[in-house]
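Chemist: Letter by letter, the chains look like this.
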Amino acid sequence: MTLLTTRGLTAHYGDFQALFGVDITLDAGETVAIIGANGAGKTTLMRSIAGVLRNGPGMIAFEGKPIGAMTADKILGMGVAMVPEGRKLFPSLSVEENLLIGAHGRKTGGYWTLDTVYALFPILRDKRAVPGTSLSGGQQQMVAIGRALMSNPRVLLCDEISLGLAPVVIRDIYAALPQIQASGASVIVVEQDIGQAMKVASRVYCMMEGRVTLSGTPDTLTREAIHDAYFGVSA
Amino acid sequence: MIWVDTVVQGILLGGLYALFAAGLSLVFGIMRLVNLAHGDLIVLAAYLILIVVSALGVNPFVAAAIAMPLMFGFGWGLQRIVLNRVLGEDILPPLLVTFGLSIVVQNALLEGFSADSQRINAGALETASFAVGPVTLGVMPVLTFASAILVIVTLNQVFYRTALGRAFRATSDDPVTASLMGIKPANVFATATGIAMVVVTIAALYLGMRANFDPTIGPARLIYAFEAVIIGGLGSLWGTLAGGVIIGVSQTVGAAINPEWQILAGHIAFMVVLLFKPRGLFPRAYD
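Protein chains in written order, with our numbering: chain A, 30 to 264; chain B, 11 to 297.
No lab work stands behind these hints: they were computed from the structure. Just so you know, even glycine gets a beta-carbon here, dropped at the ideal spot from N, CA and C. No false leads were mixed into what you were given.
Part of the chain B face toward chain A, derived, beta carbon under 8 Å:
(1) A173
(2) R176
(3) A180
(4) S182
(5) D183
(6) D184
(7) V186
(8) T187
(9) S189
(10) L190
(11) M191
(12) G192
(13) I193
(14) K194
With the hints as extra help, turn the sequences into a complete structure.
Modeler: Have a look at this one:
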């Protein structure tokens, strides 16, 4: 069943157009990866879906309902949560308060509570009272993911969650993905690390200069095709 | 012993200045908005209390309790309809708008109530006092100071113990990311201004019972409030109380040395604190 679609999605920062007719689809229960170089439009795509950037009403649909013109709080209320690039923890809130604020817009119960988030990332339980921004980069990423999960989303948008982290930390964070999927959330992962994206995703979209230049399942995409779509030049 | 009395009276006077400043501090702490009409809104609330006292013949404290929800609604609407439109990276538009609001409020009050000074009659409470050892304390100044403590404790509890307080702090940190948490920053800001107007009403109650007021005294109250906020460290509520007390004590000590020095001494204390602690006594760790 199709959960989320974008059709002809465009986005602008003032006069600058960042997305040019982007079409992607996310089915229930799957993990989709968006790959691309810096400036390809991946974060703009995530911000558009999450409602930080407003779009034409028909450009984004969640369960068939147009959400492109909705505000971020309304889109969260429908079940689309985002882990923003750079984590964006609230510096004046403790780890636990950062997690609790993630449940601010929640209207009903669900799998994710403080206890289940602490079970997913046990280190956070010990750090619950310290300011979120005093943690290491990897731990902050865990808080950012836990904060998004606290709304019990049906779609989780993860924007560059491995950015700036050591490989061993990235492995730990991605190890949580199966449990997140098992809770019923479908996931869109934005990644610059192509290998990581291929490992976790059932489908991959490659973006360049605001357009989708390649899409397919990891087993059907050749190294050369990805290279061409990623950099715009033949390998 | 007279110096002990002077300092104690100054501390109690600081409670009034802290009440003037707490709403300003709250609004600045959450949305970095310097409300230049703050003093005039205190005077507006004082007139509202006066109207309720005159119309219903009730005790000023009851009148203030009636005025509080009205002022909350006024603050909520002011923020939602006017001030939210000018909040942003540039701090100049909100300064200009609140400066304009200050002029509008002053002139509306002059039209409605003339330039005659008014007073909220508190009866025997105005002159009641009691002795603590060698120092005689007025009931009204003690009530004012106790109210300031109560306001700041309550605001701190709301800030650090409730979901609303979490939303305040998160929105203050980063409104865009807060919206990703399901928070509506425009409503959070409006609620903060509404609460600030409730605190303004409490300040207005004591202002009106302790001294005469007229439509033009708002800007001077704004100066005291602003100095208390700056001394305390921008956005720190306990710092605001400390700032109010420092100004209050400086004024009473200055007045004890020479009555002409009362106001000047408060301003000098403000300058001295700024000289040695430019970010105030209790600045936030991040800004």
